[in-house]
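J.: Residue-level listing of the chains:
Protein chains: 2
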Amino acid sequence: MEQKDISQAVIRRMPRYYRFLGELLDEGVERISSNDLSNRMQVTASQIRQDLNNFGGFGQQGYGYNVQFLYDEIGKILGLNEKHNIIVIGAGNLGQALANYVKFEKLGFVITALFDVNPELKGKKIRGIEIHMLDELDEYCKDNPVDIAALTMPKAEADLTAQRLVGLGIKAFWNFAHVDLNISDQDVVVENVHLSESLMQLSYNIVKNKNS
Amino acid sequence: MEQKDISQAVIRRMPRYYRFLGELLDEGVERISSNDLSNRMQVTASQIRQDLNNFGGFGQQGYGYNVQFLYDEIGKILGLNEKHNIIVIGAGNLGQALANYVKFEKLGFVITALFDVNPELKGKKIRGIEIHMLDELDEYCKDNPVDIAALTMPKAEADLTAQRLVGLGIKAFWNFAHVDLNISDQDVVVENVHLSESLMQLSYNIVKNKNS
Chain A
88 MEQKDISQAV
98 IRRMPRYYRF
108 LGELLDEGVE
118 RISSNDLSNR
128 MQVTASQIRQ
138 DLNNFGGFGQ
148 QGYGYNVQFL
158 YDEIGKILGL
168 NEKHNIIVIG
178 AGNLGQALAN
188 YVKFEKLGFV
198 ITALFDVNPE
208 LKGKKIRGIE
218 IHMLDELDEY
228 CKDNPVDIAA
238 LTMPKAEADL
248 TAQRLVGLGI
258 KAFWNFAHVD
268 LNISDQDVVV
278 ENVHLSESLM
288 QLSYNIVKNK
298 NS
Chain B
88 MEQKDISQAV
98 IRRMPRYYRF
108 LGELLDEGVE
118 RISSNDLSNR
128 MQVTASQIRQ
138 DLNNFGGFGQ
148 QGYGYNVQFL
158 YDEIGKILGL
168 NEKHNIIVIG
178 AGNLGQALAN
188 YVKFEKLGFV
198 ITALFDVNPE
208 LKGKKIRGIE
218 IHMLDELDEY
228 CKDNPVDIAA
238 LTMPKAEADL
248 TAQRLVGLGI
258 KAFWNFAHVD
268 LNISDQDVVV
278 ENVHLSESLM
288 QLSYNIVKNK
298 NS
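Chains as they are written, first to last, in our numbering: chain A, 88 to 299; chain B, 88 to 299.
The hints are simulated quantities; they were obtained by calculation from the structure and are not laboratory data. You may find that some hints are simply not true.
Copies of the same chain look alike in the list, so a pair counts if it fits in one copy or across any two.
Derived pair list, reagent style DSS-like, types lysine-lysine, alpha-carbon separation capped at 30 Å [unchecked claim]:
hint : residue 1 : residue 2
1    : K209      : K258
2    : K242      : K190
3    : K295      : K229
4    : K190      : K211
5    : K209      : K295
6    : K170      : K212
7    : K297      : K212
8    : K297      : K163
9    : K297      : K193
10   : K258      : K170
11   : K295      : K190
12   : K190      : K258
13   : K258      : K295
14   : K297      : K258
15   : K229      : K297
16   : K212      : K242
17   : K163      : K229
18   : K190      : K163
19   : K295      : K212
20   : K212      : K190
21   : K190      : K297
22   : K211      : K297
23   : K190      : K209
24   : K193      : K170
25   : K212      : K163
26   : K170      : K242
27   : K295      : K170
28   : K211      : K295
Note that the structure is predicted; figures quoted are calculated from it, not measured.
Just need the whole structure built from these sequences, with the hints factored in.
T.: Below, the structure is given as structure tokens:
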């Protein structure tokens, strides 16, 4: 399918469509009108039509949306029809928590290795996934396909490690370190998960609610 | 300070200002021009001025911004001058990872208790923070101040637990469960961290880059 330049705001809403459609499939729903989908997702039917029109529509007048078809198409748009191998740099609590999530695998995101500098973790396995030492990173990346690097190490080391990984051909970062990665390569994509920033967002809204 | 109705987009950028200003303070920088801040943050100087003007400005012509003052003011805007007690519902890997983060405490977010249904975890402590059983939740919330509930349990239980917590007077949720919380109370604020959605966002951009 040809993809126009679609705004990141639209893209950010796609995983939520995917989630709701998955729930509908689980419930055995085969088709749904944009109004029913609208009620369920608490967004306007016109927003839904607009969003999906970015990808060519999918709806049929008087029929609504075929749930399985729409689910599969959005899955393809999101790249979920491909397997993505992830390595996790930093095998502390967060790194281990990520490795323990089975749900990512169902979406095609497979964590294949963890890396750390702590020699006590060497060779340990999390749900069968081995923790390697960071000095084995170059060799590992040469011998194994790696699509995404998840960075869960302290911010002081994150940027340098990211540069090193870019040098090893890694094109995508899932960055939990609380720092902006300085990557000039236009082919590299970064998705930040800044937990403390989301807490700040929350406390802003708490304070605002108290004052209103 | 009087706060106008400021768009969430502006608010979403504030934690990043706060982080950069904190780094400047660590480096001993006392004042900075909006141009220098702009270069450092990779956003336009005009965006910076516009963003900060929402809160009354802070800059002085020909002087720039006083880093400490701006840092403190943004901290206040974000509610970081108050302590926020957090309970974590779900003491699995992610819940324990959150409890182990010392950095949240430096920002005033203090995790005071974890809750789980697994009897094997009862009484266990993570960095000194006790894991309680979920049936002790009501009593705990009556006896202790709780500002935020972090939900790290499976999605099937998240919504019901959130309703229960709203009944106990909790006004803010940090939701890691992959589900929309159905909370009709307008005073309740929710901040979602949907890890699998951020992975989908990443894979969308990977696929898009490959095709471009």
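J.: Can you give me the call for K170 and K212, within, between, both or neither, at a CA distance of at most 30 Å?
T.: within (22 Å within a copy, 38 Å between copies)
J.: Tell me, please, which holds for K295 and K212 at an alpha-carbon limit of 30 Å: within, between, both or neither?
T.: Neither, since 45 Å and 34 Å both go past 30 Å.
J.: Could you figure out if K163 and K229 sit no more than 30 Å apart (CA to CA) within one copy, between two copies, both or neither?
T.: This pair counts as within: shortest intra-copy Cα distance 28 Å, inter-copy 48 Å.
J.: One pair to classify: K297 and K212, alpha carbons no more than 30 Å apart. Within, between, both, or neither?
T.: neither (46 Å within a copy, 33 Å between copies)
J.: Evaluate K295 and K229 at a C-alpha cut-off of 30 Å and name the case that applies: within, between, both or neither.
T.: between (51 Å within a copy, 24 Å between copies)
J.: Within a copy, between copies, both or neither: which one fits K295 and K190 at a CA-CA cutoff of 30 Å?
T.: Between copies, since 24 Å is at most 30 Å while 35 Å is not.
J.: Classify it for me, K212 with K242: is the Cα-Cα distance of at most 30 Å met within a copy, between copies, both or neither?
T.: The answer is both: 24 Å in one copy and 26 Å across copies each meet 30 Å.
J.: State whether the alpha carbon distance between K190 and K209 is at most 30 Å within one copy, between copies, both, or neither.
T.: This pair counts as both: shortest intra-copy Cα distance 25 Å, inter-copy 26 Å.
J.: Are the CA atoms of K242 and K190 at most 30 Å apart within a copy, between copies, both, or neither?
T.: both (27 Å within a copy, 11 Å between copies)
J.: Between the shortest in-copy and the shortest cross-copy C-alpha distance, which are at most 30 Å for K211 and K297: within, between, both, or neither?
T.: neither (47 Å within a copy, 35 Å between copies)
J.: Are the CA atoms of K297 and K258 at most 30 Å apart within a copy, between copies, both, or neither?
T.: This pair counts as between: shortest inter-copy Cα distance 10 Å, intra-copy 44 Å.
J.: Are the CA atoms of K190 and K258 at most 30 Å apart within a copy, between copies, both, or neither?
T.: both (23 Å within a copy, 29 Å between copies)
The structure fails hints 5, 7, 19, 22, 25, 28 (numbered hints given earlier, in ascending order).
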